[in-house]
Amino acid sequence: MTTATDAILDHHEHKATGIKRWLFTTNHKDIGSMYLWFAFIMFLLGGSMAMVIRAELFQPGLQLINPDFFNQLTTVHGLIMVFGAVMPAFVGLANWMIPMMIGAPDMALPRLNNWSFWILPFAFSILLMSFFLGGAPNFGWTFYAPLSTTYSNGSTAFFVFAVHIMGISSIMGAINVIVTIINMRAPGMSYMKMPLFVWTFLITAYLLIAVMPVLAGVVTMVLTDTYFGTSFFDASGGGDPVMFQHIFWFFGHPEVYIMILPAFGIVSTTIPAFSRKKLFGYSSMVYATSSIAFLSFIVWAHHMFTTGMPLLGELFFMYCTMLIAVPTGVKIFNWMATMWRGSISFEVPMLFSIAFVILFTIGGFSGLMLAMAPVDFQYHDTYFVVAHFHYVLVTGSIFSIFAAAYYWLPKWTGHMFNERLGKAHFWCSLVSVNLLFFPMHFLGLAGMPRRIPDYALQFADFNMWVSIGGFAFGLSQLIFLAVVIKCIRGGEKAPAKPWDGAEGLEWTVPSPAPYHTFATPPKID
Amino acid sequence: MKSRYLGWPLLGALFFNSAWAESKFNLTQGVTEASREVYDLHMLVLYICTVIGVIVFGAMAWSMFFHRKSKGYVPATFHESTKVELLWTIIPIIILIGMAYPATLTLIDLENNDDSDLTIQVTGSQWKWHYKYFDQDVEFYSSLSTPRAQWDNLSGVGEAKGENYLLEVDNSLVIPINRKVRFLITSDDVIHSWWVPAFAVKQDAIPGFINEAWTNVTEPGTFRGQCAELCGKDHGYMPIVVDALAEDEFDGWLQAQKEAAIAAVEAEKASLAERMTLDELMALGESTYQTACAACHQPNGQGLPPAFPALKGSPIAIGDISKHIDIVVNGVPGTSMQAFGKQLSLKQLAAVITYERNAWGNNTGDLVQTSDVKAATGK
Chain E
39 MTTATDAILD HHEHKATGIK RWLFTTNHKD IGSMYLWFAF IMFLLGGSMA
89 MVIRAELFQP GLQLINPDFF NQLTTVHGLI MVFGAVMPAF VGLANWMIPM
139 MIGAPDMALP RLNNWSFWIL PFAFSILLMS FFLGGAPNFG WTFYAPLSTT
189 YSNGSTAFFV FAVHIMGISS IMGAINVIVT IINMRAPGMS YMKMPLFVWT
239 FLITAYLLIA VMPVLAGVVT MVLTDTYFGT SFFDASGGGD PVMFQHIFWF
289 FGHPEVYIMI LPAFGIVSTT IPAFSRKKLF GYSSMVYATS SIAFLSFIVW
339 AHHMFTTGMP LLGELFFMYC TMLIAVPTGV KIFNWMATMW RGSISFEVPM
389 LFSIAFVILF TIGGFSGLML AMAPVDFQYH DTYFVVAHFH YVLVTGSIFS
439 IFAAAYYWLP KWTGHMFNER LGKAHFWCSL VSVNLLFFPM HFLGLAGMPR
489 RIPDYALQFA DFNMWVSIGG FAFGLSQLIF LAVVIKCIRG GEKAPAKPWD
539 GAEGLEWTVP SPAPYHTFAT PPKID
Chain U
829 MKSRYLGWPL LGALFFNSAW AESKFNLTQG VTEASREVYD LHMLVLYICT
879 VIGVIVFGAM AWSMFFHRKS KGYVPATFHE STKVELLWTI IPIIILIGMA
929 YPATLTLIDL ENNDDSDLTI QVTGSQWKWH YKYFDQDVEF YSSLSTPRAQ
979 WDNLSGVGEA KGENYLLEVD NSLVIPINRK VRFLITSDDV IHSWWVPAFA
1029 VKQDAIPGFI NEAWTNVTEP GTFRGQCAEL CGKDHGYMPI VVDALAEDEF
1079 DGWLQAQKEA AIAAVEAEKA SLAERMTLDE LMALGESTYQ TACAACHQPN
1129 GQGLPPAFPA LKGSPIAIGD ISKHIDIVVN GVPGTSMQAF GKQLSLKQLA
1179 AVITYERNAW GNNTGDLVQT SDVKAATGK
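Protein sequences, first through last, are from chains E and U. Our numbering numbers the first residue of the first sequence as 39 and each following residue consecutively. Our numbering numbers the first residue of the second sequence as 829 and each following residue consecutively.
Bound-form chain U, shown alone (with noise of 0.2 angstroms):
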């Protein structure tokens, strides 16, 4: 079904330049074969709207313009035709079958997510994306990297914004061309959706389900796009990039992460016998909180009660040390507070919540080392 057989003379050349097809105006074309199917069903069915509304509204304008009181046209007094009413009902019916009928071939293609060559879960939380490879070890987190400088204009001055405004992540998804790449997605939290329009894929990730998605790209680049389903405070702040690599690159890649991740674990040993200054936490615990914390706590620590308390001179945050660290590390079930143990290093949890002790004034001057974390928690 190539969307040029498509072309009906009635439209005018307009509609099919190929500018039209990439444009600013239109769905995009995608770089998968489902998504070309997809966009070609799209115009298919637009075409058919614009004919019918072509007739529809000519055949209106057309009393308007000749049959009008004021030309002194005389009413005729016809006011039923069972031949008429039959004759735009078939044929209306005979012009959805023939619309519903490649679109059952499409969905059937879309629903077939056997036979994959790579298995990815996709996790969304409040409001990040995390991202597993099936049988080879290799997860991380991936969030917003546009600074809040950028976007939040109402806390003071907004920096310029970049190219990809929104559209930026720390760690994008890695996959290869060429292979059949199945998506098994869920949610920690509330319901999100895994959204990229170059894929045609777009899949509900629902808390304690699992649902499925699959995709196939022809061509390397990368592609963006967003939680699609209202997902609370930072829905418009949760975007998804995903970089399409040649098939030895991505062998590459994925043996470098792996390569990553056994290093991490000795770092995290290394860590635990190490000492840190004040300074030292307090600096890494600024920047983690920033990008973990800052979000629902306010980078001013006063969050946004009554969902997101304050940390400023908050019980947890001046007493029990413990406790402080038994939050951080699991969360609150129940509520939007997660269970960052996982998220985070122990250097960087230690760091965080030395920083949450002693900054906007709450001055406890505690120092949390990362064996204090490993302690309390036993993780």
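For reference, chain E alone in the conformation it holds in the complex (with noise of 0.2 angstroms):
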């Protein structure tokens, strides 16, 4: 009789060892937690990219690398920061954290779920060693036809399989997070009572299979353009170089929002949590969130005001883009009001997501600057669009993950991660990403344009400082990975519920949380 309770206990918990666990697991701990490792690695590999770039910038005249591998480095930074470690790493939450907040056993999909995860190290493998033939995409992350086709340097078909792979990848883990929140939600849980969190997840889901379709497509464009003839992109054909830019902003604008709509979700998790009070306006969050995808859709030419665009379109574009300022604003104005006579305490989430709010806030009033057209043609393609974006993806995205991580840390790992260390990693990379990325905006409203191996005089002494400050960002990165690994191996003992003023259903469950959670659905009133 034991021996068959056992038995069953033991089928229940079972799980392979070694590399057979993680090459065959279907759980959606082990695969988020592989996603995450994966967005980590990725993270400091772009990063390292980029300190290279920092490297050669922090003085005038070329000094370590040639102006071809600087564009090979620039490109592939980008493309590993936005395809390898942000949205990986998103993934990585939804798969840990949705199904125990919706009270599911798992996700929808568990076999689609493996898949997409382990097709994407493929992707970035082609992408990596296109480095080692002949070099990698120099064409920027954006690859503007007919730069990426007819000029390209060979580097075309690696660049757009592992695109093709990468999308494939994201399309198959949106429509798991799509099916797993419409079918899986715990009894009583109606979509109003969803975890914001949750939300934003869905949207974005919704988000990822509208758009990544359309970068499948262009991409597939400019391979057909380079090595089979076509014309797409090319006047002396027939095409058009602009209709480029117009059907990869369409993918690239709602992109943008994929990366910051979760960022929205954690922090409007982790505010509540920390001001013991709750989540102020939940349902106008729930709307904005909405406006803003459906806005995303209906802005992509901003991108494009000096491609000569007609009188009309440019202020249509301009109109949309400054609408987005609303919504926007609506849930900055929610956080705050959220903090607002709560009895707030500083535990290193907060301090990251305390960091979001208000650096972002400058990413999106830098945004509203680069919506006004006319004044856009100045700012366009300088370190000024640069400053802008790096607000909203490092210190909005990034700054978003990390407050998840140490979050949920005690939930995942059963231990309370050192709490002094977690401090100096913050502090030392909000002191650091703004020393980074702030004379950014100098640089550029001074007239430095973005992506150039070499500069004027005049910018070399904000460029150094920039440099030091990318330099320090990068290291402090290496104090997270401290904590992480120090808290997978040991230190306190986490309870169930480390936070007091957190709410939620993952709380419910011991800290680690248990292989699987909810096998019987909990019951929501």
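Simulated from the structure, these hints should not be mistaken for laboratory data. Fair warning: there could be bad hints in the mix.
A partial selection of chain U residues facing chain E, derived with a Cβ cut-off under 10 angstroms [to be verified]:
{"no.": "1", "residue": "E865"}
{"no.": "2", "residue": "T917"}
{"no.": "3", "residue": "P920"}
{"no.": "4", "residue": "D937"}
We put the CB at the ideal spot given by N, CA and C, even for glycine.
Given two chains presented individually in distinct reference frames, assemble the corresponding complex, making use of the accompanying hints.
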């Protein structure tokens, strides 16, 4: 009898050992962990490339690398950070947390889940392989034709196939998120009772399904233009290079929101927890997120104000883009109101969340400035833009990912992380990231174009500061690695709910979360 | 819309210091009506963002300081208010309309390309600009004039950098002040972007299409800009320099250019009869090679394969002469190899081809004369 029960329990906790566990796993927690590790490794790799770029830009003159290799590094840095670091990190969080937040035993499509992760390493191997086979993509992560077609260095095929695989992975991940959320919520959890984190991932997944096929289409057109003699983007064959930009940015702008909406979900979870007060304006948050998602489809050409659009086109895209400030503002005001008259404490996840709100808002301000078409003629393709999107993506998306990691590390590992090291990571990152990105605003306003390997002398002192900030920010991330490894290996035992203000089903299971949770769905009132 | 009317006392004197306007921290006001309008718009939005930032970050700071657990603050329980949500939806919309109105007026002005006094075609190519004055028979290429030794520290110790490092060209674009100058902007290969911050003009140069932009400069001077759209390896090395001259000086300059163009045609004809020695050809060839060819094929002729093949020991540079001439003069369609027939004189072409056939150990001993180039191509 005892043996039979043991056998059942054993079966219940069954997992293969060694490499097979990870290769064949269909467990959402295992897959979530793999996504997060993969994202972190890619973050360090893409970051190292950025540090080589900053080393070259430390002083005027070509010191370390030639201009062609410089372009390869900026291109691959962008691709790795967008498709290899930020997006997989969010998918990892979705895998780990969505089933536990909605009371589901796993993701709805576990085998698909395994596959969508395991094709990613192949995609990035193909991309990185190109460095050793005649040169990596050197046409910018935006791969504007005809630089990426007729005039490419022969890396276009590697690039296109890598992006195809990343796209397939993203689409499968998104399908999984949608099916899970729609079908596997615990009884009683209506849509308007879902945690906002789950809402933002649901909306993000719909955006992914809408635009990833567009990206697949445009890279395929680039492929056939390069190798099969088509002329989609070649005026001499009746095509149009600007059409490339329209198609690319029809993918590209929603893509930007794919990388920020989950961040909104994360800080909408952490700020109430450490303010010990419910999220202000839950339903307005849901509507604001949906409005941002909708607007993201009708603003793409604000990336193209200088391409010679007709006046009416410029006006339309300028007005729509400015309109995005309204729902985004609502979200920021709601977080402010959540903190207002709360009972705030400053654990590491909260520090990253507060920094997120402030620095993301600064990125939003520069975004509003860029939305104004006449002034965009001056800002476009300068370091002002570089500053803008790094504020939104690094101090926005990546800071929110850190907040999430610190918030749920006790749940994942069963141990509390080292608070002092975590705070050191936060303060080092905060100071260095602003030294890194804030002076870029000034460089852009003073007239420094982006994507140049060398610059005029008046830009020299700011570039030196920026580079110092860059090295410091890169090195600071090693503290995070130390925190996570220490936390996995041991530390103070974490209770089921280590944060007194936290809410949600994930805190009703023990820490570390058992291999299988919510085999029986919980009942929500 | 004068910027001083936008001075809101909230922000303190620092931001309103007149030095702020032309400091290295801020956008240039430029030298045209349009650029000043753009600057005012930039400052308007900047001030609005600053005020909103002060309010939002101030409220957060207040909460962080006073409403903290360590002070024993008991949390309130409110968590929604339709009234407040409406308020912070409607007020931003009103502010946005206040910003959109002047932006629309400025944009309409910037896009009005009518009634120009002078039209100049601007053509980008990897990695130089070409300027053609419409109806004037004046055209020329403009490329970086900073010596390689100043910027390339990879292949040796760099020389000291000059004042206008990377922002200087061999032939500046020259325009008159107080006249509306229209630019027709296009490209020969990839997308470039013609940008002069002082004019607030940035317009993409797109192969196969023509974009318009205009400026009307109010004060003479030299204004510098750069290509703004990633256009390949030497994107960072295609600056723009514009000399704005008083009207009569400009007319004199234009006349001199026309005469120079006629003289160049005469010189071209005369050079056909000329027989140059190997040394003469090599000397002219080397200097031409350094300006026109070395960016891709490298000063040592080893190129940057696979995109930019080596010339040292290449079957073309040591093989059939007429094939070699054909490639240099007509380029290779669908690659970065441009047609240099229209960029260089016959004499320069002959010299550079001779140089390529005899430098870096290619030692073919071949001499290519001006008349050979003419005969091989019919140029």
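Going through the hints against the structure:
1. Nearest Cβ of chain E to the Cβ of U/E865: about 7 angstroms, under the 10 angstroms cut. The hint holds.
2. A least Cβ separation of about 6 angstroms between U/T917 and chain E falls short of the 10 angstroms threshold, and the interface hint therefore holds.
3. Here the hint on U/P920 is kept, as its CB sits about 5 angstroms from the closest CB of chain E, short of 10 angstroms.
4. The interface hint given for U/D937 is met, as the beta carbon of that residue sits about 8 angstroms from the closest beta carbon of chain E, less than 10 angstroms.
Of the numbered hints listed earlier, not one is contradicted by the structure.
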